[in-house]
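Engineer: Please build the complete structure, drawing on both the sequences and the hints.
Below are the chains, spelled out letter by letter.
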Amino acid sequence: MDIIFENVNYTYQPNTPFSHQALKDISLEIKSGSFVAVVGHTGSGKSTLLQHLNALLQPTSGRLVLGNVELPGAHHEQIKSIRQRVGLLFQYPEHQLFEETVKKELLFGPKNFGFDLKQVETELNDSLQEVGLEESVLDRSPFELSGGQMKRVALASMLLAKPQVLVLDEPTAGLDPLGQKKMMQLFKSLHENKQHTVVLVTHNMDDAMRYAEKVIVLNQGTVECVKSPSELIHERDRLKAIGLDVPEPVEFVEYMKARLGVLWEEEDINEQTISRTLVKHLKGGATS
Amino acid sequence: MIQFDQVSFQYKPNTPYVLNDINLTVSEGEWVSILGQNGSGKSTAAKLINGLLRPIEGRVLIDDTEITDETVYQVRRHVGMVFQNPENQFVGTTVLDDVAFGLENIGVPREEMIDRIDESLKQVGMLDYKNHEPTRLSGGQKQRVAIASVLAMKPKIIVFDEATSMLDPVGKKEIIETMQYLHKHYKLTVIMITHDLNEAAYSDHVITLHKGRVWLQGTPRNLFQYGEKLKEVGLEPTLVTKVYQSLKRESFHIKEEPIHFKELVDELWTLYLKT
Amino acid sequence: MNQSLIIGQYVPGESVVHKIDPRLKLIIIFIFVIAVFMANNIWSYVSLYFFVFASVALSRIPVAYIFKGLKPVWWIIIITFMFHLFINSGGNVIVSFLGINVYEQGVFQGASIATRFFLLIILATLLTLSTTPIAVTDAVEALLKPLKKVRFPVHEIALMMSISLRFIPTFMQEMDKISKAQAARGLDYTKGKLKDRFKALLPLLIPLLISSFKRAEDLALAMEARGYQGEEGRTKLRQLSFSKIDYIVIISLIVFLVSFYMIRV
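First to last, the protein sequences are chains A, F and U.
Sequence positions in the first sequence follow UniProt numbering and run 1 to 288.
Sequence positions in the second sequence follow UniProt numbering and run 1 to 275.
Sequence positions in the third sequence follow UniProt numbering and run 1 to 265.
Where hints are given, some of them may not hold.
Claimed, not checked - Examples of chain F residues toward chain U, derived with CB under 7 Å:
1) N50
2) L52
3) P55
4) I56
5) R76
6) M81
7) F83
8) E87
9) N88
10) T93
11) G102
12) E104
13) T135
What the hints assert, rightly or not - Lysine to aspartate or glutamate pairs mimicking EDC-like chemistry, simulated, CA-CA at most 16 Å apart:
14) K111/A <-> D196/U
15) K181/A <-> E250/F
16) K257/A <-> D266/F
17) K24/A <-> E224/A
18) K199/U <-> E100/A
19) K280/A <-> E250/F
20) K257/A <-> E263/F
21) K31/A <-> D2/A
22) K262/F <-> D2/A
23) K236/U <-> E112/F
Since the hints were derived computationally from the structure, they do not count as laboratory data.
Just so it is clear, the structure is predicted and the values come from calculations on it, not from any experiment.
Ideal Cβ positions, reconstructed from N, Cα and C, are used throughout, including at glycine.
Structural biologist: See the structure below:
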């Protein structure tokens, strides 16, 4: 399903002294099957935007098209169908785990969306495998698990509801570096093997640029720019100006250019391209 | 000075040991990072330093005083601690009350308290927020208040238990800069619990824990030398290490393991391009 | 968040009412409660109205704002009034319709009980609007101090009050996040039978409960790390002391009480 924002505004507590406009005239499109990242510093509106994708919030004005449903104005059943088709993985799995066993936890979403539970039960093992958990966790209490495992349970429970779009809110927060990398690779393979649309909402610029096809940069409730990672490399000053982290590899390349006079010709910036360029430059420099 | 003398710890009898026969020494004024993946025992080690936990076997000494029931309150005056979750360590209803809390506990007279609160809030750049409630502060600001609360008690040692892990990049930077300033300005001993190698690069020493044992004790350079082997203990080699390793394979040699890309690039310039 | 519930929401200000020592405010409320029940004629009620609205005027908090806070209790006041109106059958019949007689005393009693209720709530609202929660806590602790002699845990209760106040906004935010997380998983607690709706609360309450325990644990550790070991040897930053305003208020209060006593029958 395609997702289209057309001049969407959102205001918290309108008509009160506490009124605050979090989204200002947002227009953008997320194509079915794409992997996009939404980045912005705290208060940029990314969390408000994320909640719109699942109809947890609805535009104060403007139009949001989620597949065949249009917000505002959708009725109850349509909203429920959006929530089934758009899976939302929140930052803290602790905010949703409540059942006695992992198994019940996994069935919670499918049950709410009216799935045939007998059928879902046959899929449990595959789904655990998919997210990298052992079958033996099924009968354990979700509260005995580690933070990384809890997150995987939350993810599996979301996947069992068969969503088309995965919206991930800071999915690597609280994990150690290895756990972070594994988690991101998991999303990448879900995207590649199952053609899920993935919307990664994060302030981690490294992840955004490494995994996303398009990066949507938000600043103070507006869309600052929508760029591919290889275009974003050249926006270093702009990112800095709006309080975003410039990814370390980009800083690395900038410093190489300034200090060594390196000519950057690669499309992507990562450890391979950096090493390759350095080697090329040093060999050239050493011989001349 | 902090000393762990054959320290072992388990949370409950008949459960695996979280820390196993740990020996280590941290000298006064040092900045030491304790690294390790989740579950390596690093947070447990932090809580042993100010007696929030007590070893099952072995001793923990602060300035040659063993932490016991009798000495623990005295020790806590010297060892401040900043925890991971900004929300859950904010005791007071306002910034002012939060900083006051620790001082009230140790019986600081009111007049002196007011001076100390202002001074420590100034040091972390939060003086203008004195009467703010925690809900109106960002995560980074709350952590700075937590640092001020600790600082007001005039400690010799501050332990940061993953104090940046729940913050956004802006907040992380704020805290690291505050830490560096205090380390320099007050000659404080800093213990930083983290799993971020880039953060650990700032320290004088690093102690890497794995499965409750000391896996490596040395300088950040020593640690970075391990390269891909760091993955065995759940750590991710930094970008500069990866680039350095592949340059080495192409037989470009640099005498020292770089811990920052600027170091690597500068070194390359000196070695290969300087004319 | 519920915007109509303003009890507990402090409105910053510099008025006389804001500046009165919170202990004195609590004592005034206590005396007022007694006075309200001692009023027995129309003039004594009028003087109570005067007292309350003079306080409101002095606080410079808009009357409309205070009345907004009364919204949830209006109907209780009205029902109380009606109840007495129809039940009490003393004195002469004033009006009679549909076979129901309304008596003189019914009106008076209904009006006086509704008045008591109304005035007490206004005054209590005024207290919370003009006093920070932490000041109320300090005042409670100070006023209960004599009870320490009988081993009443005054300090602990005050600490509990202030920590609860501190964490109320945190809980509100957390509740919001949890209910959104569950709504995203298809949970619907606005429809269905009462039993189902009640069951739908569990996915909200359990994560809230578990995270509260986690918070409590973290907070206890943080307090311990900062040297908390009970009340002994503790000093206090916040100290309450009477100022000129308080003495003027005390004198005015005495004048009011004496006149109030003389107005009564």
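Engineer: With a cut-off of 7 Å, does the beta carbon of L52/F approach a beta carbon of chain U closely enough for the hint to hold?
Structural biologist: holds, 6 Å
Engineer: So, as I understand it, the hint says P55/F touches chain U; can you test that by seeing if any CB pair is closer than 7 Å?
Structural biologist: violated, 17 Å
Engineer: For the restraint on N88/F, tell me whether the closest CB of chain U is nearer than 7 Å.
Structural biologist: Since the shortest Cβ distance to chain U is 4 Å, the answer is holds.
Engineer: Would the hint on E87/F stand, with a C-beta cut-off of 7 Å toward chain U?
Structural biologist: holds, 6 Å
Engineer: Is K257/A close enough to D266/F, meaning Cα to Cα at most 16 Å?
Structural biologist: Roughly 12 Å between the alpha carbons, so the hint for K257/A and D266/F holds.
Engineer: Could you check if E104/F really has its C-beta closer than 7 Å to a C-beta on chain U?
Structural biologist: At 5 Å from the nearest chain U Cβ, E104/F passes the 7 Å test, so the hint holds.
Engineer: Hinted pair, alpha-carbon criterion (16 Å max): K236/U, E112/F. Please report holds or violated.
Structural biologist: Cα-Cα ~11 Å, so holds.
Engineer: Taking 7 Å as the limit, does the beta-carbon of N50/F come near enough to a beta-carbon in chain U?
Structural biologist: It holds, given that the least Cβ distance between N50/F and chain U is near 6 Å, below 7 Å.
Engineer: Have a go at the I56/F hint: is there a Cβ in chain U nearer than 7 Å to its own Cβ?
Structural biologist: violated, 19 Å
Engineer: Measure nothing beyond the straight line between the CA atoms of K111/A and D196/U; if it is 16 Å or shorter, mark the hint as holding.
Structural biologist: holds, 14 Å
Engineer: Checking one constraint from the list: CA of K24/A to CA of E224/A, max 16 Å. Satisfied?
Structural biologist: Satisfied, since the Cα-Cα distance of roughly 11 Å is no more than 16 Å.
Engineer: Would the hint on F83/F be counted as holding, given a Cβ-Cβ threshold of 7 Å to chain U?
Structural biologist: With a closest approach of 6 Å, the F83/F hint holds.
Checked against the numbered hints above, the structure breaks hints 3, 4, 15, 22 and satisfies the rest.
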